[in-house]
Structure formats: C-alpha cells, structure tokens
Amino acid sequence: MRNFRIFLLHCQQILEYKLRCFIWFLSPIQNCLILILFWLGVFSGQKQIAGWTMGSITAYYFLLTIASSMLNSHIEGDVSEFDIKKGDLVRYLLQPYPYFWRKFFEEMPWRVLQGSYGIILLTGSILIFGNFLQLNINLLNLICSLIMIILAYFISFTYKMNLGFTSFWFEDARGFHQLLEVIAIILCGEVVPLTLAPKYVQQIANLTPFPYIIYYPVTVFQGKYILTDMLKIISVQLFWLSALLILKEILWKKGIKSFTATGQ
Amino acid sequence: MFYYLRVYWRLLKINFVYLLAYRLNFINKVISSLGWGFYQIVWIELLTYKTQSVFGWSKNELIALAGSFVIFTALVHFFFSRNFQEFSRIINYGQLDEYLIKPIDSQFLLTFKIVDYSNVFRIIIGFYFVFSIMIKDHIAISLVNVMGYLALMGCGLVMTYGIWSAFSTIIIWHPQLSNLVDFLFNLNGMSRYPKEMILNTGNYLLFFLLPFTLILSTPTKILFQKTLSGDIELLLLFTIIIFIFSRWFWKFALRFYTSAS
Numbered sequence: 003m004r005n006f007r008i009f010l011l012h013c014q015q016i017l018e019y020k021l022r023c024f025i026w027f028l029s030p031i032q033n034c035l036i037l038i039l040f041w042l043g044v045f046s047g048q049k050q051i052a053g054w055t056m057g058s059i060t061a062y063y064f065l066l067t068i069a070s071s072m073l074n075s076h077i078e079g080d081v082s083e084f085d086i087k088k089g090d091l092v093r094y095l096l097q098p099y100p101y102f103w104r105k106f107f108e109e110m111p112w113r114v115l116q117g118s119y120g121i122i123l124l125t126g127s128i129l130i131f132g133n134f135l136q137l138n139i140n141l142l143n144l145i146c147s148l149i150m151i152i153l154a155y156f157i158s159f160t161y162k163m164n165l166g167f168t169s170f171w172f173e174d175a176r177g178f179h180q181l182l183e184v185i186a187i188i189l190c191g192e193v194v195p196l197t198l199a200p201k202y203v204q205q206i207a208n209l210t211p212f213p214y215i216i217y218y219p220v221t222v223f224q225g226k227y228i229l230t231d232m233l234k235i236i237s238v239q240l241f242w243l244s245a246l247l248i249l250k251e252i253l254w255k256k257g258i259k260s261f262t263a264t265g266q
Numbered sequence: 021m022f023y024y025l026r027v028y029w030r031l032l033k034i035n036f037v038y039l040l041a042y043r044l045n046f047i048n049k050v051i052s053s054l055g056w057g058f059y060q061i062v063w064i065e066l067l068t069y070k071t072q073s074v075f076g077w078s079k080n081e082l083i084a085l086a087g088s089f090v091i092f093t094a095l096v097h098f099f100f101s102r103n104f105q106e107f108s109r110i111i112n113y114g115q116l117d118e119y120l121i122k123p124i125d126s127q128f129l130l131t132f133k134i135v136d137y138s139n140v141f142r143i144i145i146g147f148y149f150v151f152s153i154m155i156k157d158h159i160a161i162s163l164v165n166v167m168g169y170l171a172l173m174g175c176g177l178v179m180t181y182g183i184w185s186a187f188s189t190i191i192i193w194h195p196q197l198s199n200l201v202d203f204l205f206n207l208n209g210m211s212r213y214p215k216e217m218i219l220n221t222g223n224y225l226l227f228f229l230l231p232f233t234l235i236l237s238t239p240t241k242i243l244f245q246k247t248l249s250g251d252i253e254l255l256l257l258f259t260i261i262i263f264i265f266s267r268w269f270w271k272f273a274l275r276f277y278t279s280a281s
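From first to last, the protein sequence lines are chains A and H. In terms of our numbering, the first sequence is numbered consecutively and its last residue is 266. In terms of our numbering, the second sequence is numbered consecutively and its last residue is 281.
Read the hints as simulated data drawn from the structure, not as lab findings. Please read these numbers as outputs of a predicted model, since none were measured by experiment. Where a beta carbon is used, it is the ideal one built from N, C-alpha and C, also for glycine. Warning: the hint list may mix true and false statements.
The calculated lysine-lysine pairs, modelled on DSS-like cross-linking and capped at a C-alpha distance of 25 Å, are [stated by the list, open to error]:
(1) A:K250 <-> A:K105
(2) A:K105 <-> A:K201
(3) H:K70 <-> A:K201
(4) H:K70 <-> A:K226
(5) H:K79 <-> A:K49
(6) H:K122 <-> A:K201
(7) A:K256 <-> A:K87
(8) A:K49 <-> H:K122
(9) H:K122 <-> H:K33
To spell it out: a stretch of chain H is covered by chain A in this simulated footprint if at least three of its residues, at any positions, have a beta carbon under 8 Å from a beta carbon of chain A; those stretches are [what the hints assert, rightly or not]:
(10) 61–67
(11) 93–106
(12) 155–165
(13) 253–262
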C-alpha cells in the first residue's frame, strides 16, 4: 500500500507536465514513422528480406516505439546529476525507505504514461487504417512476453541506476553515458531488427543485456519464437537481472562510502 | 552587420576561455559528440545492409548523405543548439529581461551566446566520410562543387536556425517545455534522408517534411553531381520564408512575455 501511495504521488507530479511528457513521446514516434518510410523504399523491389515483410517490419517499429517508451528507463541523469552531484541524495538517505525502490516508483509513472500514449496511438492507427499489423499472438506468446516485459523493465532500470552510480567516482560522466546510449540504441535493435543486421552485430548484441530489454520482448510479441526459445530468453533475462542487481549492491555500498554532501 | 560580426568574434573568444577553464567537461563533450557522429554512419550502414540502393540513391551516396548530416549536426551544435537548450530556463526564470534591455538584437544574443567548440572534431570526421566515399566512387572533387556544397549547407543551416527559432519561441507561452529542443533534434534527423523518400509516398500530409529533406540532400547531390530537379530553388525559397517568419514570430511573441514578476 505504501509503495502504491508513493507511485500515485509521482503520478500526480508527472500529470502536471502532460505536454512535456507528450513531446518526449513524439520523438520516438517520429523516428518510427520515418524508418517505416525508409523501409518502403527498401521493400519496393522485393517482397521479403531475411524472413521480414513490409507488414512485419511496420509492426516491429510500432511495437518498438511502445516498448522503448515503456521499458527504456532514463533515471541515470537524475541519479547522477541531481542526487549524487548536487547532493540531493542526502534527503533520500534520511528517509526510512530504500533509495533504489524510491527511484523505481519515481520513474514508473513516466513509463506508464508514455506507454499509454503508445497504446492509444496504436489503437487509433488500427481504427483508422485497419489492422495493418502482422502479429501472430496466442496465449503462450502473450504470457511469455508479459513476463519478458516485466523482466526487461527491471533490467533497464537496474542498468541505468548502476550507470548513475558511476558518478560517485567520476566528476562528469555524461560523455561516457552518451557513448553507452549510442551502443545501446544499436544493440537494442532500435535501428533495424537484429536479424537484418550483420552477423557480428547479432553476436555482439547477444553478449550484452541490451537486446533483452527491447528487441526480444517485441519479437516474442510478434510470434517469432517457439516455447523453448522463449524460455531460453527468459532465463538469460534472469541472468542479466541477477548480475546487474549484484553489481548494484557493490556499487551502492562502495559508492555511499565515498559520498559527501555539504551544507550549513 | 559589422557590429554583429565584431560581437560574435568576442563571443567566440569568451567561449574559448570557458573551454580552457572547464577542460574535463570539454573532453567529455568531445567523446559523446564523436560517439553520436560515428553512430550516424553505423545507422545508415545497418539500414542499407540488405540493399544496394534506395530511392535512386546508392548505398555509398546514402553514407555520404549521413556524413553530411554528421557535419551539419556538428555545425548546428557549434553555432546555436546549446543556446536553444537554455531558452526554457531563461524564459521560465524571467532572465530574458537582461537580454531585452541590452543595446543589441535580443534574438541574436539569445541564440548565439554559447558556442560549442567540442563539435569541431565531429566536423572533421564528417568530412572524412564524405570525401572518402567520393574517392571510393571515383568522383572528381572540384572547387566549384565543394563551394556549392558548403554554400547550400549554409543555406540549410539558416533554414534550421529559422525552424528552431520559430519552435522555441512557443516557449514564451509555455516556459516548461524544456524538452522541445530534443524534439527539434529528432525533426532535424529527417535531413539525413533523401527528398525522394517523401515524394515516393505520394502522401500530401507528409509534404511538410520536405524542407528538412532538402537541407542536406541538395548539397550532397551537388557534390556527387546528381540530377537536381528544382531542389536549389526550393531550398532557397524555404530558407527565406522560414527565416523571415521566425524573425516576425519572435517579435510578435515578445509582446506576450510577462517576465517572472
């Protein structure tokens, strides 16, 4: 109940800036539409590329937009710039509530609102243009993708928290954060579906947690895997989540010892 | 005019002093700037991995277009993007007052005060990609073509300035819209695609994106000696109209500025 109240409190905060939140959502939508236009050109001479058709690629980018709005946490800037560098962390440390979960509930309403914009847009598009999405949804896919979505969000959030914690040691880590963001965009499958990328990009991506945040939940929703593949993906997600949570504990315990805040 | 050039020269010097004072910050920005620069090339490499030509542009020409985008974005950052990022804070806190009372054009000062030197390296890698593709495709590099390329890119820069300025002016009414600039960055991303992509859809609703696609495809066509079908004229026309509109809109919006009190 306490967690839910904190969540509602932050919901009120974000609803104060609805237009801002909508603009955050417009950017991925615009990227998605432009990429679809580009693929129209690519597909003009051929019907299928590596198992993808224009219909499935359109569905992929639409789902990708919703997934990246809903699952891609952006908490690292907050943790690093405001809490650690400006010393706001002090007020969280004084509260009888874990910092990690407090940040989790702070971030959650943003993801819910942006994800809702995505779902509204998708529903609206289907109502206007008809069912243009080529999806192969059954109950099994739906259950597996729901599990994956929850795990994906936790992976993304824990990864970004860890990234924010690096500011305990680095005075200005924005360049490093941006560099990792660029790598993540490519390996998440935000540019092209990974099966359309060169083999070595797929191999590198599979060694990182990034495709497990967006690419796999989206493609599972599209019905591209059998049950054993889906279970394998879920187990890899669990591995990454455990690894990141252990890393988080280490970074937090070591970092908090080096943290200093001043005031009168 | 000379007065403004002299003021800008001073601003360049002041910003260089800042750069020397905050060296670590500068290094950080160079790292992220280069990262985003390389990303544009990887982006188009991935998109064209399974095809050799799209919308009448070969894969190499599209990479050169992405290279031009690297240069162009670096120029946008160098000259004005940081200033637009400050817009919301300045207006929200009522700090615009101090710009309005200075004996200089407020729009000029507000949009050119900060110069971001860290993007110089990005310009270099952009030119490297463009010229390496030209050499690979055995395209003769002539002074006329290079001058035309730079002049038209300058035109595109003025148009982008106009678009950014017009959009950011809305902040006078909605000072909390600090992320409008992020949206503008995304809108700018349209310029890395050829004009033919929009025309190909035949959808009139998408034609509002046409000016963006002209910004870089026109200079790149000049460099690669591709056929131009009224592209230069359209680019010039859009530049003039958008720039004049942004000036008018700024002056109009100032009437509604209420300061912080």
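How does the region 61–67 of chain H fare against chain A when you require at least three residues with a CB closer than 8 Å, holds or violated? As far as the region 61–67 of chain H goes, the hint holds, because 4 residues have Cβ atoms under 8 Å from chain A.
25 Å Cα cutoff - pair K105 of chain A, K201 of chain A: It is violated: about 37 Å lies between the C-alpha atoms, which goes past 25 Å.
Check, residue by residue, whether the region 253–262 of chain H contains three or more positions whose beta-carbon lies closer than 8 Å to a beta-carbon of chain A, and give the verdict. Per the Cβ count (0), the hint is violated.
With a C-beta cutoff of 8 Å, work out whether three or more residues of the region 155–165 of chain H approach chain A closely enough for the coverage to hold. Answer violated; 0 residues pass the 8 Å Cβ test.
Please verify whether K70 of chain H and K226 of chain A have alpha carbons no more than 25 Å apart. 20 Å, holds
Between K70 of chain H and K201 of chain A, is the straight-line Cα distance small enough, at 25 Å or below? 12 Å, holds
Satisfaction of hint between K122 of chain H and K49 of chain A, Cα-Cα up to 25 Å: 62 Å, violated
Could you grab the alpha-carbon distance between K250 of chain A and K105 of chain A and see if it respects the 25 Å cut-off? 13 Å, holds
Has the given pair, K256 of chain A with K87 of chain A, been kept, meaning a C-alpha gap of at most 25 Å? 16 Å, holds
Can the restraint linking K122 of chain H and K33 of chain H be considered satisfied, given a maximum Cα separation of 25 Å? 20 Å, holds
Hinted pair, alpha-carbon criterion (25 Å max): K122 of chain H, K201 of chain A. Please report holds or violated. Not OK: K122 of chain H and K201 of chain A at ~59 Å, beyond 25 Å, violated.
Would you mind confirming whether the straight-line C-alpha gap from K79 of chain H to K49 of chain A stays at or under 25 Å? Roughly 20 Å separates the two Cα atoms, so the pair holds.
Against the hints set out earlier in the document, violations occur for numbers 2, 6, 8, 11, 12, 13.
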